[in-house]
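Asker: Listed below, chain by chain, are the residues.
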Amino acid sequence: MSTRIGADEVVGTDEDPAVEAARRPGRLRRQEKWAALALLLPATLGFLVFYIYPALRGAWFSLTDYDLLSDPEFTGMDNVRTLVADPQVWQSLRITAVFSLASIAVTMVLALGLAALMQRLRLGPGTRALLLLPWLVPNVAIALIWSWLLDANVGFLKNLLEQIGIPGFTFYNAEAALTILVLISTWAGLGYTALLLYAGMLQVPHDLYEAAALDGATEAGMFWRITIPLIRPVLALVVVVSLIGSFQVFDLVQVGYGNNPIPEVRVIYYYIYQQAFNFYRMGYASTIALLLLLILATLTFVQLRLMRANRSDLA
Amino acid sequence: MTATLTTVRPVPGSPPARPRTRRRRPVGVGAVLAWVVVGLVVLATVFPFYWMIRTALTPAADLITDAGRLFPSDPTLINFRRVLGLATLEETVAAGGSGASIDFVRYTLNSLFYAGSVAVVQTFSCAAAAYAFARLHFPGRDLLFGVFLAGLMIPPIFTLLPNFALVRELDLVGTMAGLVAPALLMNPFTIFFLRQFFLSLPRQVEEAAMLDGVGSLGRFWRITLPMSRGPVATMVLITFVAMWKDYLWPLVAGNSDETRLLSVGLGVFQQQSPNTSPDWTGLMAGSALSVVPVLLILLLLGKQLVQSLNFSAGK
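These protein sequence lines are chains A and B, in that order. The opening residue of the first sequence carries number 1 in my numbering; numbering runs sequentially from there. The opening residue of the second sequence carries number 1 in my numbering; numbering runs sequentially from there.
By construction, these hints were calculated from the structure, which means they are not laboratory data. Source: prediction; values computed, not measured. Glycine is no exception: its CB is placed at the ideal position from the N, C-alpha and C atoms. Please note: incorrect hints may appear among the correct ones.
Stated by the list, open to error - The following label-pair restraints were derived from C-beta to C-beta distances:
1) B:Leu112 / A:Gly245: 20 to 28 Å
2) A:Ile164 / B:Arg106: 24 to 32 Å
3) B:Glu169 / A:Gln203: 47 to 55 Å
4) A:Pro167 / B:Phe71: 48 to 56 Å
5) B:Arg106 / A:Gln91: 46 to 54 Å
6) A:Val109 / B:Thr65: 33 to 41 Å
7) A:Asn259 / B:Val120: 16 to 24 Å
Claimed, not checked - So the derived list for chain A, only partly shown, Cβ under 10 Å to chain B, looks like this:
8) Ala35
9) Val49
10) Gly76
11) Met77
12) Ala97
13) Met108
14) Val109
15) Pro138
16) Leu160
17) Leu161
18) Asn173
19) Ala176
20) Pro205
21) Leu208
22) Phe247
23) Ala285
Chain B extracted, bound-state conformation (with noise of 0.2 Å):
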């Protein structure tokens, strides 16, 4: 009774209720259109990148009659080469270019470390506090967890320019410590994360590892953290990718050939461009190498990276 009732009613304010096979999977010119819908985001999200290959194919001289050509009509690989620093000057000059090159390997190096190191250490650093925070008592807890939730509110900028103060008074502008320092071991974000899912775990087998004599450290480190590989990988892969794309901290604190990151890297190699007639080929090899990593990076753990942003909106 009710069921033949509600099938006829329509929704309030919506359009009448369509045929019922529509309903549950979209078939049909629905179906195509969302389809061609998420064709056109993906063909908008790849060729920007697709152009900047095609660009960095393309010898110099051709950008002009090339402009409208989805492939090179020439392809050389000239651009990487002298990017790379791997041409003679004649040559890097006759392909448009400064003189100017990129220390890939070296800013590359530089990156990984950078966003490597500061990514582990901090996660484990943070979990440390945030298992205190969920799991032990001591006194002050609650209030010191509310200060260093209140770190959240801070905007970076208004720390970096007294970081930059301390760190040039200890003499470390420009060597990797100083580079890594103010991330290294603090995220109030990372903190509050781990601990909301320190909280969500039962207690029972912490419990039964306490009357067996585990200390407070031995439940973190043998019951706990290898319970929470999941949340523990996310924050990792979060922070590395924050750090690989940093760029603000590095371009004032890592201004030297031994601390240069790739995005400073890249940086510097366009302000070397001449303004007037950007030496774009050359532009595109760069930023092409410097999106290599990246990309090896989604096709290893492109998964694990989809999966840890829904579990980190998920929690």
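With the rest of the complex left out, here is chain A (with noise of 0.2 Å):
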């Protein structure tokens, strides 16, 4: 019997493990039976205490009316009805989308630019951790400073913008915010990105860009038809990790907006938020968050399907 669920299998035994517990004493057996009770006591008991029983719990809130005072008051599928004529729900849904396809897109392309040019310059251990700062500071310090710079009268980059010839480019601007999202949750992501895809090329063999370069092939030549179908299951699994990352949206918005954001930036995680803790709808919150739920599930099961078929690239 050997585990069929994770990724790559067991790289240093050339046994069958059944052969060889079957080839150990009953006692080591029983032994190692107790050993794994109390190797998995710990982790067991978070998983069954905050992850199996909320998220039932969850499930069964999402069905109830429930205001955190009294006991939760079974509705059936009205959450659902509500949630289906909701249009803050598709709205914010649709924000989400368009937030995250957009941040990943733009973030993604200069990351592999920038991993590139890591690879080629052979940028220094120093230089990448400086360019970890932004993933290392949380949310609410990188909202604050980017309200300031864009701030609408004195604003350093919105002045520095209108004198360029781009003007109106400031954080409560309805038509420019969630560009302007898209670009804060870019520059603070993008550093972090550059280095996971930047790890990923160091692990594509060198001999293949001598041999493309013997062959004649130029440096763009050898990015797209070298580097980048090697490194494809790095690329896939940093899209995916991203993309379910940046659906859940929140400090940005509730730090740089306050309790009453700007229509245009109300994503589906402050939605969520405010129904449960400004509203104390916490079922309907829970309908909501189901749904949010089912919609990253797919998503996850669409990533692992494309991870699976780029598995072989590097064998």
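Please dock the two separately framed chains into a single complex, following the hints provided.
Answerer: What follows is the structure in structure tokens.
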């Protein structure tokens, strides 16, 4: 019996685990079961209490009217009907989807370029660490810094953009707000994403480039024909992790725009938060969260399929 | 013969091959351009932080006159002093503040405790489970691992709502215990990641120990764990950063002075600042303070961090 759930399989063994287990005396195997129980206990406890139980409970909440003070009251499909007819849910999902797709597209293109430069210029770890700075800073500080840079009165970046002929790029400008959110999230994630892709590029065997160079390939040709195909698994992983992450955008909006954000940036996490913690509609918030779960599960499924298709690239 | 043929054959679909000397290491115009691009990226990454510090050192009265200056014409520490609560009320009001301050030391300690305890305990709890999944034989192993992995698909907000209800029922809202509980023991990704690594370790050392009568727990603690220092450190570091930046859960579950994290404290400080004319110099001083611990981490552990990321993407 060998595990087939995880991606790659046992590397360091040349023996079938079943054969090996059969050779072991019974006392050892009993000891092993107890050891497994002990080793699994903490994580399983955390899993049962803070994953399984709340997941089941969340599903139950989604069918109730629950204000946190009195007990949840079963209302059947009422919340679902409300959700279908609630334009703000669909509007928020649309905004979130546009935000996610745009910020991933921009981040991936820039990060690929940056990673390729890191690889070619052999950028030292000091510079690479510097590029990680925005990833380490809480989004609260990032939201504050950028709302100041783009302040409508004396924002430094806003003034700069005005001087080169791009007016109206201010934080609270409804038309620019979503674009600004995308740019901030790109700025915050660029270095981190580039480093992950760069790590993938380090795995590409050097002689492939040397052979291609002997064949007269150009830098660009090598990038498209060698680098991109061979880092596709890392690329797929990064894309979907970013996708799931950016669907959860919240802090930038909640801090940047305060308690009453302009409609253009009301993302889905903010809407759920508002329903649950401002209006105490825990049941309805759970219904929206359940919808989000279904959407993200579908996206994750698609991702896993993509990754499997890409596995053999560097075999 | 083939060599002469291949050197003149252009790669299909790409511009004709350039002279060989341009290829191995980019020299001349290309390299200069590449370095300029990297320089611009570094500048774009660092400048917002520079501007934050510059603003924090500027007296509020000079904000408009200094709007375009790279250095404050009359630098001051008053903003830091009033944000830390070290200035008198008159000084604070004169400098444009609302009298609100950040209990910086306490919030930083809270953040360090939250991020540190979760990072360490969670990683070890997950390492133990990962070892059981990678090396031990017990009934239902693969099924349980599959169920754990499914936990990856649950968006945090879906379990956050019931977890908040649970912590509230246990009367733990606003306590450190309630704050750390949900993340303390379990993270499906950590288990998945460490299991993959344990599977890639050679079995021979463990088998030798087994013949010497070392039990499963001993092999995990004395052999596998010391052999896995790199990946374990990676998970501790990545978890630490994620918890350091955590916002939504600490916002709802940790909203008391005893448990408020730096990120939440900064958000609260911002909400106390008047909306019509935000206290930018104070907000930037607060943001700057919240970046200081991160800068220290980057200075002390920057290289380790970069290596960790390489490692996590390379696996």
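Asker: Hint by hint, say whether it matches the structure.
Answerer: Going through the hints against the structure:
1. At roughly 24 Å, the beta-carbon separation of leucine 112 (chain B) and glycine 245 (chain A) lies within the given 20 to 28 Å, and the hint holds.
2. Range check, isoleucine 164 (chain A) to arginine 106 (chain B): about 44 Å between beta-carbon atoms, so the 24 to 32 Å window is missed.
3. Separated by about 48 Å at the C-beta atoms, glutamate 169 (chain B) and glutamine 203 (chain A) satisfy the suggested range of 47 to 55 Å.
4. Taking the beta carbon of each, proline 167 (chain A) and phenylalanine 71 (chain B) are about 27 Å apart, not inside 48 to 56 Å as hinted.
5. The hint said 46 to 54 Å for the Cβ distance between arginine 106 (chain B) and glutamine 91 (chain A), and at roughly 40 Å that hint is violated.
6. Between valine 109 (chain A) and threonine 65 (chain B) the Cβ separation comes to about 40 Å, which falls inside the hinted range of 33 to 41 Å.
7. For asparagine 259 (chain A) and valine 120 (chain B), the hinted distance range of 16 to 24 Å is not satisfied, since their beta carbons lie about 35 Å from each other.
8. A distance limit of 10 Å between C-beta atoms decides the matter here; for alanine 35 (chain A) the minimum to chain B is near 3 Å, and the interface restraint holds.
9. A hinted interface residue such as valine 49 (chain A) counts as satisfied when its beta carbon comes closer than 10 Å to some beta carbon of chain B; here the least separation is about 8 Å, so the hint holds.
10. Interface hint status for glycine 76 (chain A): violated, as the beta-carbon distance to the closest one in chain B is roughly 19 Å, over 10 Å.
11. Restraint check, methionine 77 (chain A) versus chain B: the minimum CB separation of about 19 Å is more than 10 Å; hint violated.
12. The beta carbon of alanine 97 (chain A) comes no nearer than 14 Å to any beta carbon in chain B, farther than 10 Å, and the hint placing it at the interface is violated.
13. Among the interface hints, the one on methionine 108 (chain A) is violated; its C-beta lies about 14 Å from the nearest C-beta in chain B, farther than the 10 Å criterion.
14. For valine 109 (chain A), the shortest C-beta to C-beta distance to chain B is roughly 13 Å, which exceeds 10 Å, and the interface hint is violated.
15. Because the smallest distance between the Cβ of proline 138 (chain A) and any Cβ of chain B comes to about 4 Å, under 10 Å, the interface hint for this residue holds.
16. Because the beta carbon of leucine 160 (chain A) sits about 9 Å from the nearest beta carbon in chain B, less than 10 Å, this interface hint is met.
17. With its C-beta approaching chain B no nearer than about 13 Å, leucine 161 (chain A) sits outside the 10 Å limit, and its interface hint is violated.
18. Given the 10 Å rule on beta carbons, the hint for asparagine 173 (chain A) is violated: about 16 Å separates it from the nearest Cβ of chain B.
19. Taking 10 Å as the C-beta contact cut-off toward chain B, the hint placing alanine 176 (chain A) at the interface is violated, the least distance being around 17 Å.
20. For proline 205 (chain A), the shortest C-beta to C-beta distance to chain B is roughly 13 Å, which exceeds 10 Å, and the interface hint is violated.
21. With 10 Å as the threshold, the beta carbon of leucine 208 (chain A) stays out of range of chain B, its nearest partner Cβ sitting at about 14 Å, so the hint is violated.
22. With 10 Å as the threshold, the beta carbon of phenylalanine 247 (chain A) comes within range of chain B, its nearest partner Cβ sitting at about 7 Å, so the hint holds.
23. With a cut of 10 Å, the hint placing alanine 285 (chain A) at the interface with chain B holds, because the nearest CB-to-CB distance is about 6 Å.
This entry does not satisfy hints 2, 4, 5, 7, 10, 11, 12, 13, 14, 17, 18, 19, 20 and 21, going by the numbered hints stated previously.
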